[in-house]
Amino acid sequence: MADTGIGAAVRRTEDLRFLTGKGRYTDDINRPGQLYAYILRSSVPHATIRSIDTAAAVAAPGVVAVYTGADMAGAGVNGLPCGWQVHSKDGEPMKEPAHPPLAVGKVRHVGDPVAVVIAESYAQAREAADAIALDLEELPAVADTRAASASGAPQLFDEVPGNLCYDWEIGDKAVNDAAFAKAAHVAKLDLVNNRLVPNAMEPRCYIGDYDPTRGEYTLYTSTQNPHVIRLLMGAFVLGIPENKLRVVGPDVGGGFGSKIYHYAEEAIVTWSAGQLGRAVKWTAERSESFMSDAHGRDHVTHVELALDADGVFLAMRVSTLANMGAYLSTFAPCVPTYLYATLLAGCYRTPTVYCNVKAVFTNTVPVDAYRGAGRPEATYLIERIVDVAADETGIDPAELRRRNFIPKDAFPYQTPVALVYDIGDYDQTLDAALAAIDYQGFEARRAEAAKRGRYRGIGISTYIEACGIAPSNVVGSLGARAGLYEAAQVRVHPTGSVSVYTGSHSHGQGHETTFAQLVSDTFGIPFESVEIVHGDTDKVLFGMGTYGSRSLAVGGTAIVKAMNKVIEKARKAAAHILEASEADVEFADGQFRVKGTDRAMSFGEVALAAYVPHKYPLDELEPGLDETAFYDPKNFTFPAGCHVAEVEIDPDTGVVTLVNFAAADDVGRVINPMIVEGQVHGGVAQGVGQALLESCVYDAQGQLVTGSYMDYCMPRADNLPPVSVSTHVTLCPHNDLGVKGCGEVGAIGSPPAVMNAVVDALSALGVKHVEMPATPQRVWQAIRDAKGAAAA
Amino acid sequence: MEITGEFAIPAPRERVWEALNDPEVLRQCIPGCESIEREADNVFNAAMRAKIGPVKARFTSVVTLTNLDPPNGYTIVGEGKGGPAGFGKGSADVTLEPQGDETTLRYRAELQVGGKLAQIGSRLVAGAARKIADDFFGKFQEVVGGETPPSA
Chain L
1 MADTGIGAAV RRTEDLRFLT GKGRYTDDIN RPGQLYAYIL RSSVPHATIR
51 SIDTAAAVAA PGVVAVYTGA DMAGAGVNGL PCGWQVHSKD GEPMKEPAHP
101 PLAVGKVRHV GDPVAVVIAE SYAQAREAAD AIALDLEELP AVADTRAASA
151 SGAPQLFDEV PGNLCYDWEI GDKAVNDAAF AKAAHVAKLD LVNNRLVPNA
201 MEPRCYIGDY DPTRGEYTLY TSTQNPHVIR LLMGAFVLGI PENKLRVVGP
251 DVGGGFGSKI YHYAEEAIVT WSAGQLGRAV KWTAERSESF MSDAHGRDHV
301 THVELALDAD GVFLAMRVST LANMGAYLST FAPCVPTYLY ATLLAGCYRT
351 PTVYCNVKAV FTNTVPVDAY RGAGRPEATY LIERIVDVAA DETGIDPAEL
401 RRRNFIPKDA FPYQTPVALV YDIGDYDQTL DAALAAIDYQ GFEARRAEAA
451 KRGRYRGIGI STYIEACGIA PSNVVGSLGA RAGLYEAAQV RVHPTGSVSV
501 YTGSHSHGQG HETTFAQLVS DTFGIPFESV EIVHGDTDKV LFGMGTYGSR
551 SLAVGGTAIV KAMNKVIEKA RKAAAHILEA SEADVEFADG QFRVKGTDRA
601 MSFGEVALAA YVPHKYPLDE LEPGLDETAF YDPKNFTFPA GCHVAEVEID
651 PDTGVVTLVN FAAADDVGRV INPMIVEGQV HGGVAQGVGQ ALLESCVYDA
701 QGQLVTGSYM DYCMPRADNL PPVSVSTHVT LCPHNDLGVK GCGEVGAIGS
751 PPAVMNAVVD ALSALGVKHV EMPATPQRVW QAIRDAKGAA AA
Chain X
1 MEITGEFAIP APRERVWEAL NDPEVLRQCI PGCESIEREA DNVFNAAMRA
51 KIGPVKARFT SVVTLTNLDP PNGYTIVGEG KGGPAGFGKG SADVTLEPQG
101 DETTLRYRAE LQVGGKLAQI GSRLVAGAAR KIADDFFGKF QEVVGGETPP
151 SA
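Residue numbers (our numbering), protein chains in the order written: chain L, 1 to 792; chain X, 1 to 152.
Derived by calculation from the structure, the hints in this document are not laboratory data. It is possible that part of the hints are untrue.
Said to hold, decoys possible - Using 25 Å as the maximum straight-line C-alpha spacing, the simulated BS3-like pairs for lysine-lysine come out as follows:
#, chain 1, residue 1, chain 2, residue 2
1, L, 106, X, 81
2, L, 95, L, 106
3, L, 106, X, 131
Claimed, not checked - Simulated restraints on C-beta separations:
#, chain 1, residue 1, chain 2, residue 2, range
4, X, 64, L, 89, 50 to 58 Å
5, X, 134, L, 790, 39 to 47 Å
6, X, 64, L, 147, 25 to 33 Å
7, X, 5, L, 784, 30 to 38 Å
8, X, 68, L, 76, 33 to 41 Å
9, L, 791, X, 106, 35 to 43 Å
10, L, 147, X, 62, 44 to 52 Å
11, L, 92, X, 68, 23 to 31 Å
12, L, 764, X, 64, 52 to 60 Å
13, X, 56, L, 244, 54 to 62 Å
14, L, 56, X, 123, 55 to 63 Å
For clarity, every value in this text was computed on a predicted model and none was experimentally measured. Note that the Cβ used here is the ideal one computed from N, Cα and C, for glycine as well.
All chains, please: the whole structure from these sequences, using the hints.
Right, here's the structure in full:
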């Protein structure tokens, strides 16, 4: 199995269908008698709905129905639920205003759904929407994070004074203040973590279907977690029990977090299908995606780092304003709290960290987890303030980091912000990344670039993140309204082939390959004999889905647990058939063998015996070989590593060119190095996008003005140099595989590396900070301002 | 955003002022105008087609004339709804200044767009609005000035 087993760079089996156009996405599915939905959305950011007159639209050609928020609410449809309840520091639960699938009473952001038109064709539905008379009384709007928290700001909800969702804190403020009082130096920085639009390649698409003879609903959906959608939509929004609701997530073209959440349109098409007894399909247009997919990031932060005279970190304090958008998306409240502030110790021994987070509502698209979710925001501010401290104390940035690392013999390590890091070796990845980029040779490269009239800079980011959020009882005590285990079923067929049913949906991660490697390696059977099944609540027993780099650490471990049950049962059967005691039967390389003898049965032979139990211990053992497992991890996993970026800046234009990038990551045991490299590479591209190109902008009136690829700049191949990726393993001690997760490290580690490089390139001019994205205009302005200040 | 412009109209100020209040002249001059009707003394309903960048739409607009100061000028306040394409609204201060037999028309317009127009066309809106204004006043020059015999 060496060429397909654990550690082999197996080519992704799913790529054959993806690369040849044979993928089957939700929009490729069409149901008999299917209707099409067009969603009329608000084009103003904030208004009272005076009236909606749908009569002309109902009468338009091809139209079957038009529904408004009042229609859905009148039929007993509830609002979209929030999956995490954060409590403010005074103990009060967060403000959780209603989020109806179609607006009721008010619209609160451009893109807020107001009505749905359902017609025989999409063109007819769209045309008819034009005939809806929507009478809105416009209200002042606020889109900016800071402005929303200011006194006198427009108020989104009567029941949410000051637009404040919660005011949360972590850490002991008195201890923290005392530590600051002893500091020899305090570095300070204000920064913005720019709002991003996820931009999955496949726009969201949903088909609701209803079988009136059985009373059964089916939702085909571009989701990352079909069972979670079944639970949220069925139990909370539409009141459909699980046995009457099937959710299918077929091939999904990218999610990056944005397809975790339960969206209004899912409930709208499912409910409409039930009303009409016909399937209803909705596919987002790209411009709709910009104004209705949950956005990411959008923090405004002040950070201070206290150091002693030797550059040892004494304390850090952080104050963050986080933008929730107009409503709470499914997991929004936990992103700037438990996925963010708990990571603020970074890789360092900082003894005390205090963080206050105020979350505010604004007249913008809801914000939720996006690749990294809280951890990129934490890493960006930590790694920027460390560089500011290095600059101000004159200590080399690599040395300052090394001096403050949690040493590798200090694990398990209790941080001052709740988490217990299980294992790591931060020097190892720092050394590897510095060697890969030739850190020692940098000054020569800087001097050479200067001769060509270019500013060259280098930037380091040593990050840690937390994946596989768990255990369920702990996250439950922190406000999670769901468990965070994963489920797996391993069905061995009579001839020894295997189907694995996993709750970990795959939408670009390559699970069908990685999980098959795991199974083939464990059972000693050919890779081709393993089928990975996911994405259908009628096939897969249960699942919590794919997010937070959890699939291998949690979903993969669940598969291991189920495989172990299979092996134990098969061992019993084999012992009976081989007439040996169970303790004497060992399993290796696909053979059950009586120790020290040549008496053996292959995995396939035992499987056949289990299904044709002629010579089988029927008194003690059920026939069949089909086992399930639910796995709830004991802790998060903690991937960590070092990313180093090198940039060159053209002083005349402000254009930043990323010329060199090295990533050295510890993601635990690597099952498929090619997939890991691809995940890191993709993550780095997204991180570079955030650092240099991407920014979601609302104008002063609350209009979304970066709503297309003309104004929202995605990274392209020519924005990236060849990226050096290496992995350095410390094994996670609390899961069977020793794995940690690799899906988000690229997007977490890279932005501060790039921005530290940009600031380093300009530091000789006196530039201390540049906000993301470091666009040519922004960099040019920074150069100009610095030169002006120097001349004055 | 704000756009401004200045045109020399080869007609006396009173003639220009009348024309600025004549729906038929306005209909001829507004690019893509399908209809314009006087709803009240100083309120007009108009329908026009416009294309701004990738957004094509039929706008139904209500135009109100305020700050009337005949024959020196007025303020046009308008809001156009383009259905799924979004909306545009704004106001323009128009002033007329006699220059012998001719009239200098100046305008200063404030413009705001929303919905898809803002989302995918915002950076094109200033240019498109200026073109619409230029087309309008160019045509206006022609229509109004055409009735005055060219001075030999």
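So, going through the hints one by one against the coordinates:
Proposed proximity of residue 106 (chain L) and residue 81 (chain X) is supported: the alpha carbons are some 19 Å apart, at most 25 Å. A C-alpha spacing of about 18 Å is found between residue 95 (chain L) and residue 106 (chain L), which places the hinted pair at or below 25 Å, so the restraint holds. At roughly 36 Å between alpha-carbon atoms, residue 106 (chain L) and residue 131 (chain X) are farther apart than 25 Å, so this suggested pair is violated. Evaluation of the 50 to 58 Å hint for residue 64 (chain X) and residue 89 (chain L) yields a pass: the beta carbon distance comes to about 51 Å.
Checked against the hint of 39 to 47 Å, the pair residue 134 (chain X) and residue 790 (chain L) passes, with Cβ atoms roughly 44 Å apart. The beta-carbon spacing between residue 64 (chain X) and residue 147 (chain L), approximately 31 Å, falls within the hinted interval of 25 to 33 Å. The beta-carbon spacing between residue 5 (chain X) and residue 784 (chain L), approximately 32 Å, falls within the hinted interval of 30 to 38 Å. Checking the proposed 33 to 41 Å range against residue 68 (chain X) and residue 76 (chain L) shows it is violated: the Cβ atoms sit about 54 Å from each other.
Here the CB-CB span from residue 791 (chain L) to residue 106 (chain X) is close to 40 Å, well matched to the stated 35 to 43 Å. Evaluation of the 44 to 52 Å hint for residue 147 (chain L) and residue 62 (chain X) yields a failure: the beta carbon distance comes to about 31 Å. Take residue 92 (chain L) and residue 68 (chain X): their Cβ atoms lie about 55 Å apart, and the range 23 to 31 Å is violated. Separation of residue 764 (chain L) from residue 64 (chain X) is about 58 Å and conforms to the stated range, judged on CB atoms against 52 to 60 Å.
With their beta carbons about 44 Å apart, residue 56 (chain X) and residue 244 (chain L) fall outside the hinted range of 54 to 62 Å. Between residue 56 (chain L) and residue 123 (chain X) the beta carbons are some 34 Å apart, a value that contradicts the proposed interval 55 to 63 Å.
Consistency note: the structure conflicts with the earlier hints numbered 3, 8, 10, 11, 13 and 14.
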